[in-house]
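J.: Residues per chain, in single letters:
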Amino acid sequence: NAGVTQTPKFQVLKTGQSMTLQCAQDMNHNSMYWYRQDPGMGLRLIYYSASEGTTDKGEVPNGYNVSRLNKREFSLRLESAAPSQTSVYFCASGQGITGELFFGEGSRLTVL
Amino acid sequence: SQQGEEDPQALSIQEGENATMNCSYKTSINNLQWYRQNSGRGLVHLILIRSNEREKHSGRLRVTLDTSKKSSSLLITASRAADTASYFCATGNSGNTPLVFGKGTRLSVIA
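Just so you know, the sequences run in chain order W and S.
Just so we're aligned: 77 in our numbering is position 77 of the first sequence, and the numbers increase by one with no gaps anywhere.
Just so we're aligned: 82 in our numbering is position 82 of the second sequence, and the numbers increase by one with no gaps anywhere.
What the hints contain is simulated information worked out from the structure, not anything from laboratory work.
For glycine and all other residues, C-beta sits at the position ideal for the given N, C-alpha and C.
Warning: the hint list may mix true and false statements.
Said to hold, decoys possible - Straight line, CA to CA, 25 angstroms or less: simulated DMTMM-like cross-link-like pairs of lysine to aspartate or glutamate:
(1) Lys26(S) with Asp38(W)
(2) Lys26(S) with Asp56(W)
(3) Lys103(S) with Asp26(W)
(4) Lys57(W) with Glu105(W)
(5) Lys56(S) with Glu17(S)
(6) Lys103(S) with Glu52(W)
(7) Lys103(S) with Asp38(W)
(8) Lys70(S) with Glu15(S)
(9) Lys57(W) with Glu5(S)
(10) Lys70(S) with Glu105(W)
(11) Lys103(S) with Glu59(W)
To be verified - From the derived model, a few chain W residues whose C-beta atoms are all more than 12 angstroms from chain S:
(12) Gln6
(13) Pro8
(14) Leu13
(15) Gln37
(16) Leu43
(17) Arg44
(18) Gly53
(19) Gly58
(20) Tyr64
(21) Arg72
(22) Leu78
(23) Thr98
(24) Thr110
With the rest of the complex left out, here is chain W:
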C-alpha cells in the first residue's frame, strides 16, 4: 500500500520556468492538500480540494495553480517559478476536512 506518492522528489528550476508537482493517493480519500514547508515557518497550506471536483485557496496560493484530476490525483503547478518558491512541498490526503492527514515524502524544489 503506497499511501501518498509525490513526484518528483527533487527539482531545480531557473526563474521563470514552469513545472508541475504530481500527487496520487490510493486510500480513497476525499480531501487532498498541498503544503509548503520553509525553515522556521512550519507548514503553510497552498491549496486544497475537499472533494473531487472542488479546489480552494489556502494561506499562500499566489504563484500556484492546482488541478484535482480525479479522486486519486491532485497536481500543483508553478507557472513562472520564483526564488521565493524554493521550498519543500508536501501533498497530503484525508477522509474528512478536519480528520487525520496522510503525507507524502515531500518534493524539494530549488529555484535559481
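Dock chain S against chain W, hints included.
T.: Only chain S this time, still in chain W's reference frame:
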C-alpha cells in the same frame, strides 16, 4: 496564519527522560492533532484528541487538552533516540476548514 504555536521551539533531553511539548491556539476547535516529522521525511499522524476529551494515551504518548486555556500538551515518556524528530500540533477548527499547523518543536534525544 498559524493557529497553533508550539513551545519550546527546541528541546534536548537524555534517553530515558520524559519530553513535554506544548501547543497553544487561538480559536475554537473540534479537534487537535499531533504529528511527528523525522528529518527529510513527511509528517506522520500520532494522535487526535477531540474538543470534548481532556486526556488521551497511545503507547508512550500522553496528550492533554485544556479548551478553557486553549492549550494542549504532548508528553513522551521514557524517550528513546528514535524519538528525535520535529513535532507539530494541528488544529481542526469548528468552521470545517483545513487543519492549521504550528511551527513545531524540534526534539533531540541524546543516547
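J.: Hey, does Leu78(W) actually stay past 12 angstroms from chain S on C-beta?
T.: Fine: 20 angstroms to the nearest Cβ keeps Leu78(W) off the interface.
J.: Any Cβ of chain S at or closer than 12 angstroms to Pro8(W), or is the non-interface label fine?
T.: holds (15 angstroms)
J.: With a cut-off of 25 angstroms on the C-alpha distance, tell me whether Lys26(S) and Asp38(W) pass.
T.: holds (22 angstroms)
J.: Against chain S, does Leu13(W) hold up as non-interface, every C-beta pair farther apart than 12 angstroms?
T.: holds (20 angstroms)
J.: For a C-alpha distance cap of 25 angstroms, please report whether Lys57(W) and Glu105(W) respect it.
T.: holds (22 angstroms)
J.: Is Lys103(S) close enough to Glu52(W), meaning Cα to Cα at most 25 angstroms?
T.: violated (29 angstroms)
J.: Compare the distance between the alpha carbons of Lys103(S) and Asp26(W) with 25 angstroms, and conclude whether the hinted pair is satisfied.
T.: Violated - the C-alpha atoms of Asp26(W) and Lys103(S) are around 28 angstroms apart, more than 25 angstroms.
J.: For the pair we were handed, Lys103(S) and Asp38(W), check the Cα-Cα distance against 25 angstroms.
T.: holds (10 angstroms)
J.: Non-interface claim for Gly58(W): all C-beta distances to chain S beyond 12 angstroms?
T.: Nearest chain S Cβ is 7 angstroms from Gly58(W), so the label is violated.
J.: Minimum Cβ separation between Thr110(W) and chain S greater than 12 angstroms?
T.: holds (15 angstroms)
J.: In terms of Cβ atoms, is chain S entirely out of 12 angstroms range of Gln6(W)?
T.: Since the minimum Cβ distance to chain S is about 8 angstroms, Gln6(W) lies within 12 angstroms and the statement is violated.
J.: Checking a non-interface call: every C-beta of chain S should be farther than 12 angstroms from the C-beta of Tyr64(W). Is that right?
T.: holds (15 angstroms)
In the structure shown, a violation is registered for the earlier hints numbered 3, 6, 8, 10, 12, 15, 16, 17, 19, 23, in ascending order.
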